[in-house]
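Colleague: Let the hints inform the model, and build the full structure from the sequences given.
If you want the building blocks of each chain, they are given just below.
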Amino acid sequence: MIDSFVSWLATTTGSIALHESLYMYAIIETLHVVAIALFVGSIAMIDLRVLGLALARVPVSQALRQILPWTVAGFIVLLLTGTLLFYAIPERTFHSPWFRAKMILLVLAGLNVWRFHRAYGLSPAGWDTGPAPARARASAMASLALWIGVIICGRFIAYNWFDCDKPQPAFISAFSACRSYTP
Amino acid sequence: MSLYDLCEAIEATAVSAALRESLWLFPVIESVHLVGLAILGGSLLMVDLRLMGAGLNRQSIAAVEHGARRWFLGALLLMLVTGSLLGISEAVKLYDRPAFFVKMIALATALVLTFTVRRALIARNSSGGPAAFAIGAASLSTWLLVAVAGRWIGFS
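Chains V and U are the protein sequences, given in the same order. Under our numbering, residues 1 to 183 are what the first sequence spells out, in order. Under our numbering, residues 1001 to 1156 are what the second sequence spells out, in order.
In case anyone wonders, no lab produced these hints; they're calculated from the structure. Idealized CB from N, CA, C, for every residue including glycine. Watch out, some of these pointers could steer you wrong.
So the derived list for chain U, only partly shown, Cβ under 10 Å to chain V, looks like this [to be verified]:
id, residue
1, Glu1030
2, Gly1041
3, Ser1060
4, Val1064
5, Leu1080
6, Val1092
7, Arg1151
8, Gly1154
Modeller: Here's what the structure looks like:
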């Protein structure tokens, strides 16, 4: 089902136009990279604040309220540009192990955000200015690790080491679902 | 010795050859460069947004700058080291890339701005205002140009 959708996506005029355009793809990718600095950069500063490694004098509630709007703005740009980048090269991307790993890390990072906000909301009671509890620190560390993983996997999508048209170890072929894709 | 000769000499070094011949080194260094971009962008943004009155406004400008400084300087160092390695591996190609020269000019401008005018303003001005807004906006747009021109090296 997904396979036929992705194959169909690749035949649409918009996808072909993006793929073949001289500048559009490069512009979208540049926007995507700049938005990483906004999104992951602002999240990292909040994580480092929770860990007590940056912005030590800023209460966590202020950091969350005044920085998160920028994080959300960065996320919207990343989601839009990321969707367009996928749309430009649907089949190869869908069958890239790096893309699949990135999506898994993205889901884990999202669950981590959800867990943090369910526990503390926008104003952590009890540790707004003091040291964060172990659970919050673990969440901040997981956040840093997961988002760095997302960046690295995202960057590696561009490399063709594990593309389906090359001989691959069985587990990579299986993970990328190479069987249903002939480049 | 012309600039082109210099680029050829750089590419003739063992480090450059090792970087070029490895399948993994360039992409790995490039990824670290990208992670550095996020940390640099985040720590820069905290201060520039505060200067522009659009961020941690309840803190003094100096307090925000102090709280972000070591991450900014650390990320800057990481960017300079990984960026130099990337450049060394393909010096001759960079000679032909206008985007690279745009990036270097923007980077020099951004560094001078950060460590002279912006630093002096942060030391004197604690609450913001039109001058702080202008410096914050100038800093943010110059660093943005560094990032955009940097990405463009790969396309041009």
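Colleague: Failing hints, ascending?
Modeller: 5 and 6
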